[in-house]
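**Q** Residue-level listing of the chains:
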Amino acid sequence: MKNKLITLMLGAAATVAIAGAASAGTLDDVRQHGFVQCGVSQGLMGFSVPDAQNNWTGMDVDFCRAVAAAVLGDATKVKFTPLTAKERFTALQSGEIDLLSRNTTWTMSRDTSLGLKFAGIMYYDGQGFIVNKAKHPNVKSVNDLAGATICTQSGTTTELNIADYFKSHKMDYKLLTFEKNDEAIAAYQDGRCDSYSTDQSGLYAQRLKMATPDDNVVLPEIISKEPLGPVVRQGDDAWFNIVKWVYFALVNSEELGITSKNADDMKKTSTNPEVQRLLGVTSADGTAAGFGIGMGVDEGWALAAIKQVGNYGEIFDRNVGKDSPLKIERGKNALWKDGGLQYAPPVR
Amino acid sequence: MSLGEARQRHGRSPWNSVRLRGVALQVLLLAVIAALFYALALNTYANMASRHIVSGFGFLWRKSGFEVSFSLIPYTAEDNYVRALMVGFLNTLLVSALGIWLATALGLAIGLMRLSRNWLASRLAAGYIEAVRNVPLLLQLFIWYRLVLTPLPQASSAIILGPAALSNKGLTLPAPQFGPGVWTAWLGLGCALLLTVALSFWGQRRRERTGVKPPVVLLSLLAIIAVPVLFLAAAGWPVTFDYPVRGNFGFSGGMTLVPEFIALLLALSIYTAGFIAEAVRAGIGAVARGQGEAALALGLKPGLAMRLVVLPQALRVIIPPLTSQYLNLTKNSSLAVAIGYPDLVSTGGTILGQTGQAIEVVAIWMVVYLTLSLLTSAFMNWFNARHRLVGR
Amino acid sequence: MSASYVRASDAPLRPPPRGHAGPLAWLRENLFAGPGSTALTLGLGLLLGWLAYQVLDWTVLRAVWTGADRSACAVPGAGACWPFVWEKFPQWVFGFYPLGERWRPVLTFLIGAAALAPMLMPAAPAKRFNALFLLVAYPVIAFVLLGGGVFGLPPVETTNWGGLVVTLVVAVTGIVLSLPLGILLALGRQSELPVVRGASIAFIELWRGVPLVTVLFMASVMLPLFLPSGMSLDKLMRAIAGLSLFASAYMAEAVRGGLQAVSRGQREAGLALGLSRWQTTAKIVLPQALRISIPNIVGIFIGLFKDTTLVLVVGIYDLLGIINAGLQDSKWAAPQTANTGYFVAALIYFAFCFAMSRYALFTEGRLARTGRR
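Residue numbers (this note's numbering), protein chains in the order written: chain B, 1 to 348; chain U, 1 to 392; chain V, 1 to 373.
Hint data in this document are derived by calculation from the structure and do not stem from the laboratory. We put the beta carbon where it would ideally sit given N, CA and C, even for glycine. Check the hints yourself; a few may be wrong.
Some chain U residues close to chain V (C-beta under 8 Å, calculated; not the full set) [claimed, not checked]:
#1 43
#2 71
#3 74
#4 338
#5 369
Some chain B residues near chain U, calculated using beta-carbon distances under 8 Å [what the hints assert, rightly or not]:
#6 85
#7 149
#8 155
#9 156
#10 160
Use the sequences and the hints to build the structure in full.
**A** Structure follows, in structure tokens:
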């Protein structure tokens, strides 16, 4: 008899396991839930970081908000899931999150064999190194790091890039990897490692958190290409298109001079057809521009995103650029017409 | 209802037969378990298919591309994932084996101290046991990592002890490099082991005949060390040492015991020693008082009485909890992941992060640890059985 | 045969035995019973004195008591950095739980304590009702109170939970879920039906054979793939699920110990009285077995409480996780900040675990006295 309980319990478990509802598209799910579930980092200044009240800020966070604004019309309708480096892909694959916006490097294997799709490049980054000049006054370049111990977070592209770079420069090194970034930084500050390595934007962010930021210098070399961008699941083209085009809309709006402050005015007054198409202005004869509808969202999708979150330049300046403590130059992340790499296809 | 009626009722419905009901229940249970596994497999398969995840263990033969800070076998970023996992596995074995040895020695000492007639010694041992057992191991690991790391000097001002150097990069020692004639050492070791067996027979015989026990253990140890060395010397000493060279950042060459290893070893053995001490105390407490008193009355010194009479009997009680402590220590060594010591879980985790092959990596972990656990239990069961045969 | 020895004179008188009473005698017997013992006492005494002085020196004499940021603690030679603790303590307890809602975890804790206290006192009445409340109703109440979203309570996401709240939630839920599962597994392991026994043994040995870290990794990265699409479990819930399965295997072994300690005659007597096997198990064997296993169950709870710290490797901020994260705050970066944080963490964990282990000892003693073993 006692076994009956066991059988009952297992039976119940099996029923639950079998009776999974077939999932509709991500867009429908998001509409149904009323919010975008967005995977972010556990705290990287400038990209996604919570304050003491768990309010999130950063570029990656703002991108999630822009998507929420475009899809649901409200940039606050987004929930954040902090993820470790290991968890991030499974969380997306399993449907736990709708969108991964977690300073994730676009690589071929991630794009092709993990069932993921990268929707764009929010930030052109490259891997760099930081050293304490008080402890190592002679290190002026990565090439002076022969024989050094380098700390980094495990399970990321950084350790692979270090191996490639040091091998091709025939330098010896020791690598110490930690499960969490905090632990790697702590080991670096304790002097267990001579250098800490991650994406250069991350180095500037971490440097600010160190006890003596001025003693720590970011070395000039960048040893890799780290295109960081939002990721979605493969096989849901509608959702992929929305995420991709929200990113393009942010870049295009900066190019067209639309900001969060003037977006409404531009919609009313601008005679530039490109602006009108982007902001979904209904033309004089009453025909809608149709770009939003064609994508399955409201016509005001881009307007909502720009008005509530800002264009790419505003997002950049506010979180990592000149208006932030990080003060990172636009550099490669300037618009193409300013000599950078940020370029978006036209809305047409 | 009379007894006969009841028996009749019992006989009428086959469902009332205990046997039949048992069989039916078991079939049902099997079916449910099978259904559960089937559902899980189906879900997983559907999930992986719909998400375009490529599964299988083929990725293991790809180039790993990452270095590890501590390895017992030659390894570079050029090697494949299998070798990286092997490195992690050996590191797990190393820290577990040394940890078990240290924890047993320390635990035995603390356990005996706990039973000491000296009040202060007993109380201090009790304090140690309580402190160690009531604070999470992970916290102790963090504390030891800091305690090991903080007082050590920067590599530039390392403490030099002859050929060894101690700094916050770890303890650097000359590494032996083995030339082509090194097989002689293994041959020597084989001979030494044979010699040890012969010695123990001789020792037994001699003790039975004369009552004097020759120092067999000492002689055996001597043989195990001296014979391979002699063989090596005869082969022209094919061993050279790779001395560490001081560079800009500490030392290159030689071999380095990283601080993570030392911290993990300390934390594991000190933590487990607290549990072993309790097991030792309970085991000795279970031996009848008369045994120790009789041994003393026979004129054995207290140390000998403990070693020859009480401990062997206590061992039978101690071994089962000791086994589970050894298993716990081995499993707890996976906490290495928190301080960056490259054990199996840590290297596997890196691979998981790089390839995203979650199911495969987790499966490897589980199989390896399960095998280790089962092997350890099997060995300890054998040991236990052997000891049970001796006495009682 | 002639005598080889004949005493020619009286043996000398022996001195009277020393007293066995009084503090002096106690000292002589327990601390200075011979040169070896005396040396040991002196050596250990010195060690103890030195240790005590070091701790006192660091925690009190050289400690920094007030200050607003790292500059107060970054003084050379300073000991513990207490202002760091004062500032961070609310966060250590509540994590990122919204400021205005913090009465909810407090209330949850109070309800739990109020229900648990009479449970722990052998003399208090209504044990059965109380146990039912603690094991069934309380977890629901706790999750409703903490999670919110109903009865006008604003929802608080589990990602905002943290610190001691998470530690307690994980440990208590873990024990509540693993207890029934563990009992079933223990019964299954004792079953005469080979399939039931085999399945139970396989399940128990599987979880006991693998480290908790891998179980947690599995729960965090693999479990989502096992679930049907469209169904997802919160990260905290996944960790709790992993921990509960893990703990249930150990729980099963504790209960099995209790089952084995109930004498066979009890079961036979039950069957002889005409009770069915199920009734015999539920009404006669199990109650006795559970009572005997209480010390071991408390021991498993202590282990589970300590093991909750491992959730930090999968990125959940429990007490240790949040203390560890706070150490990275540049505002408080000073040489002794980390040591202070770890010291306080160790004290908190010790207080909880020590109290529980004393309770386990107490119940054990009580069982031995009442002869219910």
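**Q** Look at each hint and say if it fits the structure.
**A** Results of checking the hints against the structure:
1. 43: holds, 5 Å
2. 71: violated, 21 Å
3. 74: violated, 27 Å
4. 338: holds, 6 Å
5. 369: holds, 5 Å
6. 85: holds, 5 Å
7. 149: Since the shortest Cβ distance to chain U is 6 Å, the answer is holds.
8. 155: Since the shortest Cβ distance to chain U is 2 Å, the answer is holds.
9. 156: Interface hint status for residue 156(B): holds (7 Å vs cutoff 8 Å).
10. 160: Result: holds, 4 Å to nearest chain U Cβ.
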